[in-house]
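Got chain A; can you put chain B on it based on the hints?
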Amino acid sequence: MKKKYKCEIDCANCAAKVQEAILKIDGVQDASVNFMTQKFKLEADDDCFDEILKEAVRVGKRIEPDFEVEF
Amino acid sequence: MSTKLKKELRRIICALIIFLVILVIHKANLMPFIFDRRWPATAVYLVPYLIAGYDVICKAFLGIIHGQMLDESFLMTIASIGAIVTGEAEEAAAVMLFYQIGEWFQRYAVGQSRKSISDLMDIAPDYANLELEDGSVEEVDPEDVEIGSVLVVKPGEKIPIDGTVLSGESMINTAALTGESVPRSAHEGDQVISGCINGDGLLRIRAEKVYEDSTVARILELVENATEKKSHTENFITRFARVYTPAVVIAAVLLAVIPSLITGSWITWIYRACTFLVISCPCALVISIPLAFFAGIGAASKSGVLVKGSNYLELLADLDTLVSDKTGTLTEGNFAVSEIIPADGVSPEAVLRDAALAEGMSTHPIAVSIRDAWEDRYPDHDVLSNTDVENVPGQGLIAKEGNELIFVGNGRLMENHAIPYRPVRDSAATICYVARNGDYLGPILIQDRVKNDAKGAIRALKENGVRRVVMLTGDHENVGRAVAEQLGVDEFYAEMLPQDKVEKLEELLTQKENGYLGFIGDGINDAPSLSRADVGIAMGGVGSDAAIEAADVVIMDDSLPRIPAVIAIARRTIRIARQNIVFALGVKALILILGALGIAGMWAAVFADVGVAVLCILNSMRLLLHKKTI
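Just so you know, the protein sequences line up as chains A and B, in that order.
Residues in the first sequence are numbered from 1 upward in steps of one, following the working numbering.
Residues in the second sequence are numbered from 1001 upward in steps of one, following the working numbering.
For reference, chain A alone in the conformation it holds in the complex (with noise of 0.2 Å):
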């Protein structure tokens, strides 16, 4: 499954390393995290797509505290 969410990321830099902790997660097939587009774009197993999100959102806030995904 493909999903695409608004997110806030405050600079390009952060967002390529959002965007490398996500891809190390288990279960992701592929992630985006766009500075420009503030678009966050998950592709995950289907069966648990919901725990990969909350854990990328987790991840994501560790590694950027101002890191938001809007559902």
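Keep in mind that the hints were calculated from the coordinates and are not lab data.
Ideal Cβ positions, reconstructed from N, Cα and C, are used throughout, including at glycine.
Please note: incorrect hints may appear among the correct ones.
What the hints assert, rightly or not - In silico DSSO-like links for lysine-lysine, alpha-carbon gap of 30 Å or less:
| hint | chain 1 | residue 1 | chain 2 | residue 2 |
| --- | --- | --- | --- | --- |
| 1 | B | K1308 | B | K1462 |
| 2 | B | K1451 | A | K4 |
| 3 | B | K1154 | A | K17 |
| 4 | A | K61 | A | K39 |
| 5 | B | K1308 | A | K39 |
| 6 | B | K1004 | A | K39 |
| 7 | A | K41 | B | K1209 |
| 8 | B | K1302 | A | K41 |
| 9 | A | K4 | B | K1006 |
| 10 | B | K1229 | A | K24 |
| 11 | B | K1308 | A | K6 |
| 12 | A | K3 | B | K1229 |
| 13 | A | K41 | B | K1004 |
| 14 | A | K41 | A | K54 |
| 15 | B | K1007 | A | K41 |
| 16 | B | K1115 | A | K61 |
| 17 | B | K1229 | A | K61 |
| 18 | A | K4 | B | K1007 |
| 19 | B | K1006 | A | K54 |
| 20 | B | K1451 | A | K6 |
| 21 | A | K6 | B | K1462 |
| 22 | B | K1302 | A | K3 |
| 23 | A | K39 | B | K1115 |
| 24 | A | K17 | B | K1229 |
| 25 | A | K17 | A | K4 |
| 26 | B | K1006 | A | K17 |
| 27 | A | K4 | B | K1462 |
| 28 | A | K24 | B | K1007 |
| 29 | A | K39 | B | K1451 |
| 30 | B | K1115 | A | K3 |
| 31 | B | K1115 | A | K54 |
| 32 | B | K1451 | B | K1302 |
| 33 | B | K1115 | A | K2 |
| 34 | B | K1302 | B | K1154 |
| 35 | A | K17 | B | K1115 |
| 36 | A | K54 | A | K6 |
| 37 | A | K39 | B | K1007 |
Said to hold, decoys possible - Derived contacts from chain B toward chain A, CB cut-off under 8 Å, selection only:
| hint | residue |
| --- | --- |
| 38 | H1066 |
| 39 | R1114 |
| 40 | E1228 |
Frame of chain A, contents of chain B only:
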């Protein structure tokens, strides 16, 4: 302005007022019992310092806990604490305030820029009016519309999904997609493209695609992903940023320790080292360079050109050779009768009538152009139905009307049937000789017309730094030569099969001097060449999936002048990105040197950090100010 930004602004203003009050009391010597002693004075200045910067300090600690050392907050915190320790609490508070003001302004500017860029691409429909079976209309999310549903598009609304007009008549505005300002008419049976704005009429359309596959969704997806394909410049900045911060931090540590050991004046050198830390963030570059490319892509889509990645802007700016297909790209792509030269005593009507009769059944482009000319010029005459036609391969046609024979074809057909014809010399045209029985009626000249704006576009390409323009065509040598001369292209290669074109492209790729090679094609037949070239440019992309897939740059309509225009935008983008790099690094290097010498204080350092970032962002936004040049 978002609520978050507003809240921050209030906090910054609050801290600023407190700071100014304290500063006035201090400098006017109203409370000497506090400010004459070091620690009480420091404590007072800590109030505005903490109000302004507590979030920075929090982030710094969070960063340490999560192993994200050397981020901006951490460095600012260390620098300001260093200032406090060395007895410059006043300066620490001021610098933290100035830093926060700069950061705030930077965020505001980025937000505004992002908004103006996304406004350029404001083509996404918010809703669709779905017509239900009982005839009532319901507003739904475009993503929920199924293929075959009937949608109502009211005047002024965006067409939500690609579809076919069932009923209604209107003029639709495609400017947001193609940059073309003249509205296009839509009648029953016409295909309409999502993202266009409906004019005055009410349209009922049948959805032919789901939203995800519709033009508008595909274009948005493309533009959004474009920023993910990074240019060399952006990659350079990312790599540079990774090295720059640690390097400056190491320099700061060395600056704090080594001279202090020699001279013994620790306070002076620790303070100077702190100014280094303030300058050590590369944010001016990290933000403004991608922003410049994003703005460039935005400006290009505003003028009807989709650039599929920042890297392609870089290649476009440095194009050396441009190879173009002829038919359909430089020329209209449809053949038309340009001249009829009747033999003595024959009317042009008779020549055309016989030719149209013979060509009546054929789907060959030449036949179609002859029939079109007949219907155009003599609309009141009956549509011709032909009789028996014999196809003579490589020569032409022989048709039978009653007992009479009509010959339509090239010179060889005439010679083989001993018809006394007069050869016509016109290198650019295809010539059809027409005869009835043994009598020669005359030739019909058929030509593919060069696009009106093609010559100007090629001139504009040269002005924009393209050294060599090459035309490839499957047509005959003499047709190719005539078009090449008319347009002023540098070279042409004729009689090329599709695979020859790719080979020729490979050869040209090895011949280019500096820069890159672009290929212009229609995206349908030229997919291999489009992907082989450094930059594949497809014409007439709207509605054509093949073109959008194969090319790197898509011209939404088939207007050639958009190519020099997008090259100009690309060159401007690169220029602005370079200006930012030189300016930001220059100022930083200067302040680093002055800081080490003790000439520039923390104030100058904060300017070199956030001030420069804001200036670079504003510089990047100039790309959007430029008036449309097409």
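Hint by hint, here is what the structure shows:
Annotation: proposed proximity of B:K1308 to B:K1462 holds, straight-line Cα distance about 24 Å (limit 30 Å). Simply put, B:K1451 and A:K4 have alpha-carbon atoms about 42 Å apart, too far for the 30 Å limit, and the pair is violated. Under the criterion of a C-alpha separation no larger than 30 Å, the hint pairing B:K1154 with A:K17 is inconsistent with the structure, at around 45 Å. Using a Cα cut-off of 30 Å, the hinted pair A:K61 and A:K39 holds, with the two alpha carbons roughly 15 Å apart.
For the suggested pair B:K1308 and A:K39, the alpha carbons sit about 17 Å apart, so the restraint of at most 30 Å is met. The hinted pair formed by B:K1004 and A:K39 meets the criterion: a straight-line CA distance of about 18 Å does not exceed 30 Å. A C-alpha spacing of about 23 Å is found between A:K41 and B:K1209, which places the hinted pair at or below 30 Å, so the restraint holds. As the CA atoms of B:K1302 and A:K41 are separated by approximately 25 Å, the hinted pair is consistent with the 30 Å bound.
Using a Cα cut-off of 30 Å, the hinted pair A:K4 and B:K1006 holds, with the two alpha carbons roughly 27 Å apart. A C-alpha spacing of about 20 Å is found between B:K1229 and A:K24, which places the hinted pair at or below 30 Å, so the restraint holds. The straight-line distance between the Cα atoms of B:K1308 and A:K6 is roughly 22 Å, inside the 30 Å bound, and the hint therefore holds. For the hint linking A:K3 to B:K1229, the alpha-carbon distance of about 20 Å falls within 30 Å, and the restraint holds.
Using a Cα cut-off of 30 Å, the hinted pair A:K41 and B:K1004 holds, with the two alpha carbons roughly 23 Å apart. Distance hint between A:K41 and A:K54 is fulfilled; the C-alpha atoms sit about 13 Å from each other, no more than 30 Å. Between B:K1007 and A:K41 the CA atoms are separated by roughly 29 Å; this keeps the pair inside 30 Å, and the hint holds. A threshold of 30 Å between alpha carbons decides the hint, and for B:K1115 with A:K61 the separation of about 24 Å falls inside it, so the pair holds.
Pair hint B:K1229 plus A:K61 holds up; C-alpha atoms about 25 Å apart against a cutoff of 30 Å. Annotation: proposed proximity of A:K4 to B:K1007 holds, straight-line Cα distance about 28 Å (limit 30 Å). Only pairs whose Cα atoms come within 30 Å are accepted, and B:K1006 paired with A:K54 is accepted, the gap being roughly 28 Å. Distance hint between B:K1451 and A:K6 is unfulfilled; the C-alpha atoms sit about 44 Å from each other, more than 30 Å.
The suggested pairing of A:K6 with B:K1462 is violated, with an alpha-carbon distance near 43 Å, which exceeds 30 Å. For the suggested pair B:K1302 and A:K3, the alpha carbons sit about 27 Å apart, so the restraint of at most 30 Å is met. For the hint pairing A:K39 with B:K1115, the CA-to-CA distance comes to about 13 Å; that is within 30 Å, so the pair holds. The hinted pair formed by A:K17 and B:K1229 meets the criterion: a straight-line CA distance of about 17 Å does not exceed 30 Å.
With a CA separation close to 19 Å, the supplied pair A:K17 and A:K4 stays within the 30 Å bound. Pair hint B:K1006 plus A:K17 holds up; C-alpha atoms about 27 Å apart against a cutoff of 30 Å. For the proposed pair A:K4 and B:K1462, the alpha carbon gap of about 42 Å is over 30 Å, so the pair is violated. Between the alpha carbons of A:K24 and B:K1007 the distance comes to roughly 35 Å, so the proposed pair goes past 30 Å and is violated.
Between the alpha carbons of A:K39 and B:K1451 the distance comes to roughly 41 Å, so the proposed pair goes past 30 Å and is violated. For the suggested pair B:K1115 and A:K3, the alpha carbons sit about 22 Å apart, so the restraint of at most 30 Å is met. A threshold of 30 Å between alpha carbons decides the hint, and for B:K1115 with A:K54 the separation of about 28 Å falls inside it, so the pair holds. Pair hint B:K1451 plus B:K1302 holds up; C-alpha atoms about 23 Å apart against a cutoff of 30 Å.
A hinted pair counts as satisfied when its Cα atoms are at most 30 Å apart, and B:K1115 with A:K2 qualifies at roughly 25 Å. For the given pair, B:K1302 sits about 25 Å from B:K1154 by alpha-carbon distance, which is consistent with the 30 Å threshold. Between A:K17 and B:K1115 the CA atoms are separated by roughly 24 Å; this keeps the pair inside 30 Å, and the hint holds. With a CA separation close to 15 Å, the supplied pair A:K54 and A:K6 stays within the 30 Å bound.
Taking the CA atoms of A:K39 and B:K1007, the gap is about 23 Å. The hint holds against a cut of 30 Å. Below 8 Å, beta-carbon pairs count as interface contacts, and B:H1066 has one with chain A at about 5 Å; its hint therefore holds. Proximity of B:R1114 to chain A holds as hinted, the smallest CB-CB distance being about 7 Å (cut-off 8 Å). Hint status for B:E1228: holds, given a least beta-carbon distance of 6 Å to chain A, under 8 Å.
In summary, the numbered hints that this structure violates are 2, 3, 20, 21, 27, 28, 29.
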